[in-house]
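Mind assembling these two chains? They're in different frames, but the hints should get you there.
Those protein sequence lines, which keep their order, are chains E and F. Heads up: the first sequence runs through residues 46 to 182, numbered per the numbering used here. Heads up: the second sequence runs through residues 235 to 581, numbered per the numbering used here.
Fair warning: there could be bad hints in the mix.
To be verified - Covered by chain E, according to a simulated footprint, are these stretches of chain F (three or more residues, beta-carbon under 8 Å): (1) 466-479; (2) 493-502.
What the hints assert, rightly or not - Pulled a few chain E residues facing chain F out of the computed Cβ check, cut under 7 Å: (3) 65; (4) 144; (5) 162; (6) 163; (7) 165.
Stated by the list, open to error - Chain E residues, not near chain F, derived (Cβ > 10 Å throughout): (8) 49; (9) 54; (10) 64; (11) 84; (12) 88; (13) 93; (14) 101; (15) 102; (16) 104; (17) 135; (18) 148; (19) 161; (20) 164; (21) 179.
No lab work stands behind these hints, which were simulated from the structure alone. Built from N, CA and C at the ideal position, the CB exists for glycine as well.
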Amino acid sequence: MPDRFRPHLARALDTLQAEVPSLASRLGRAVGERVIEIEVDGAPFWVAVEAGRVRVRDDGAGCVAWGRASGETIDGLLAGRASIEDAVMDGSVELRGGLDDLVALDEALRVFIQCAVRAPGILPILASWRARRGGES
Amino acid sequence: MSAAPIPGWLDQAIQRTDWFRRPPSRVGGPAGFKEWQHFCVYGRDFDLLLNVSEVDPVASDGPPVVRLTTLARYDRWFGDVETIPADEVDIRAGRVDARLGESTLRYADGAYRLDVRCRSVPVRAQLELRPVSMPAPIYNVTTGDGPPIHWVVIPRLVAHGEVTIDGVRHVLDGTPAYHDHNWGHFRWGRDFAWEWGFGLPQEASNPWSFVFARLSDRALNRTRMQTLFLWRGRRVHRAFRDANIRIRHHGLLRADRVLKVPPVMGLIARGTATDVPARMTIEAWSHDTRLEAEFTPVDVAQVVLPNDDDFGVTIINEVAGELAVEADVAGDRVELRCPTIFEFLGA
Chain E
46 MPDRFRPHLA
56 RALDTLQAEV
66 PSLASRLGRA
76 VGERVIEIEV
86 DGAPFWVAVE
96 AGRVRVRDDG
106 AGCVAWGRAS
116 GETIDGLLAG
126 RASIEDAVMD
136 GSVELRGGLD
146 DLVALDEALR
156 VFIQCAVRAP
166 GILPILASWR
176 ARRGGES
Chain F
235 MSAAPIPGWL
245 DQAIQRTDWF
255 RRPPSRVGGP
265 AGFKEWQHFC
275 VYGRDFDLLL
285 NVSEVDPVAS
295 DGPPVVRLTT
305 LARYDRWFGD
315 VETIPADEVD
325 IRAGRVDARL
335 GESTLRYADG
345 AYRLDVRCRS
355 VPVRAQLELR
365 PVSMPAPIYN
375 VTTGDGPPIH
385 WVVIPRLVAH
395 GEVTIDGVRH
405 VLDGTPAYHD
415 HNWGHFRWGR
425 DFAWEWGFGL
435 PQEASNPWSF
445 VFARLSDRAL
455 NRTRMQTLFL
465 WRGRRVHRAF
475 RDANIRIRHH
485 GLLRADRVLK
495 VPPVMGLIAR
505 GTATDVPARM
515 TIEAWSHDTR
525 LEAEFTPVDV
535 AQVVLPNDDD
545 FGVTIINEVA
555 GELAVEADVA
565 GDRVELRCPT
575 IFEFLGA
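Just chain F, same shape as in the assembly (with noise of 0.2 Å):
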């Protein structure tokens, strides 16, 4: 279960932007504190989302929560949200190493790796994830209304290893991956959504790799802030930004079935109604470039998120579907088509 190794410059940018901040609440510091690290992988009849998250309690006192989430889809979702006894939670601050429970995430020798022994779902997955890419830091986004958030995203990794959904074991040999990491003191449920993507190819040859953002208010009125990424190789090729960016969304998907994590929150969340789009698109321009991107959702899952301050939910939408883009990058011909998962984040 291993690859070529990463070059020593990549190492050395993960581990000074890529390790756990943890909650300033343990040493005194303000609480409202929320961190996660964030994987995907994309098997060839699989997906696999795996969330290790550490928030401080709002609505009551004690130390931080850290839960592990898992969604799987084969012939369908498999998921569910297991917070860990706090006596069986060992976080290193400074860097990726983390045991919950019976499962590990670290990262070392150039390398995440991660296995995860899930509780109540039956998936299990011993990964190891070689970046190809540079991690992107993207620190102080607005939130609206409260402290900024930061992010740090690795959009290409190469994956093996094995996962097992539902007692059926696939085997990965240079499968594709992503990664990012979000921290800040923000709370749910106020004056803000998310909607973010990326696309990677199934071929190691295509060098092309891409990830969107965009942060709004919650009524998705008014677009905060909005970026586009495009990695060529290792190396982000072209930036683009706000007003270079034009984001719209068509209709909307109804799903015939939505699997919601933690289950007990679809007693709450009930139905299938989303506001996820039907489809998706995107532009951006520069001097020199010009892309479209087109996502067309397939499937959703959700992540089912109690409010901090009132009755409300958060809902993360986790969307299957498909993505293509394509762009000329100064005279340089981008086409990129794969299966991808878009997040969503609204009420």
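The following block holds chain E by itself, in its conformation from the complex (with noise of 0.2 Å):
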């Protein structure tokens, strides 16, 4: 399956920084120095900050936390239709790292949500992702 979900996560970073970038050096902290691994749909990838901002990168080293999911789980998390609690206790969402790490992904969960909701160029971002999942279901 084409990996879809990484260029819109790095086009959603590169809004937040263009249009709340008061607000995206927050996700900036609560990544600290971890490179973190995420795996949509297969396809793995990392986020670290890089000159003071968060961005996708193709290098892994010194990975420190790893999540995997679905597209279709993240869809239904943003959706609404699960919890991120239920989607871990159920499976869909697999969570690796120390505890301190973990922490530090969910607090850069809900930081990377509270900037997203305050950037208008988001939801062009959201519609398009959806956009070309609903294509290629």
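So, in structure tokens, the structure goes:
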């Protein structure tokens, strides 16, 4: 399956930086010096802070936390069809890492959402991702 | 889909009080404006809340954002907050006349007409709402550390039309409905909270309608304003203020499931804990009136809003429940028992 999530996440991070830069800096602080692996629909990539902002990258060296989910699961979480707690408990979201790193990952998720709901440019990106997912299914 | 026309004086009173103000920022005025038109309809076996809002963005520059919030309660809650793209919005200041994508809201010829087609939830409504009671404008209500907010309430309307929720069609023929309109410059997350509610009889022959509101600090320790109105027919029959009202919360509602809208905010505001009371009692009195009301919540949905100045959230609890009002008004016995939705806003 084509890797649709990664380019959309990269666009979303750029949009946060452009539209709500002071809030986006909090996302960088939440991620800190960690390298986090994210795998969506079997396609892994990494996120980390580079030059003061969170970016998507290809290099997973130093990865300390790992999260895996399907695009369908992520869409379900964004649409409220499941809670993050239920998704973790039923295994549709898998997490691995030290407790401190997983807590930081959860905080980064919360901060990302907080930034995203304040940035008007995020909605078209979400719509684009959903449209491409819909076109594949 | 129509009912008897309303009197000309009532039509004029509504046109003079209830109209879209619209954000002054559009013409160079101060930013931070919020405005919404709120409608509730009570069918025999469903509740419907529709809210059309226009707000200035706070965290970023840009034009005001228009949203349609829908909450429908049938065998469960359905709902969402839809942001309408700017090129699909047409709102006329000075009247109630708005187009939001495929949905429209208008007041004309003595009736509000809503044609709502939700894009993300299975809710469709074609409604004509004819006001029964006079509007009560309540201007310059303090929120504490900012400019005042303004409120126009029309507690009692009758609804005709149809509502389809999750494929189930409901025909309305004189169903009770409620409407209010709020606007002002205020910021979510500041030191204020509110709770308000209303009661509408299911029987058209019962002339009484009930509305109360309380604004307080965010911690609910200090009441800044509270008011209670009792309408008889079209007009306010008694009004109570501040020291003549006592509102008490009893226990806490513990819901098994809480719908949160927009759904993505459920990733931030998690869980089902709320600070909604399990029961609420209201007493009001004057030289010739004694009123007692009891609201018993049964179900709650939450509208979760990002705060304007911090990373917290403001939660508007829309609480379905049963209301019982009993009063003695100068010897007249008042009794009102009805399903309703109270709203509790807090952190």
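Going through the hints against the structure:
no.: 1; hint: 466-479; in the structure: violated (count 0)
no.: 2; hint: 493-502; in the structure: holds (count 10)
no.: 3; hint: 65; in the structure: holds, 5 Å
no.: 4; hint: 144; in the structure: violated, 18 Å
no.: 5; hint: 162; in the structure: holds, 5 Å
no.: 6; hint: 163; in the structure: holds, 4 Å
no.: 7; hint: 165; in the structure: holds, 6 Å
no.: 8; hint: 49; in the structure: holds, 18 Å
no.: 9; hint: 54; in the structure: holds, 15 Å
no.: 10; hint: 64; in the structure: violated, 5 Å
no.: 11; hint: 84; in the structure: holds, 19 Å
no.: 12; hint: 88; in the structure: holds, 22 Å
no.: 13; hint: 93; in the structure: holds, 22 Å
no.: 14; hint: 101; in the structure: holds, 20 Å
no.: 15; hint: 102; in the structure: holds, 24 Å
no.: 16; hint: 104; in the structure: holds, 28 Å
no.: 17; hint: 135; in the structure: holds, 16 Å
no.: 18; hint: 148; in the structure: holds, 14 Å
no.: 19; hint: 161; in the structure: violated, 8 Å
no.: 20; hint: 164; in the structure: violated, 6 Å
no.: 21; hint: 179; in the structure: holds, 14 Å
Hints 1, 4, 10, 19, 20, counting from the list given before, are not met by this structure.
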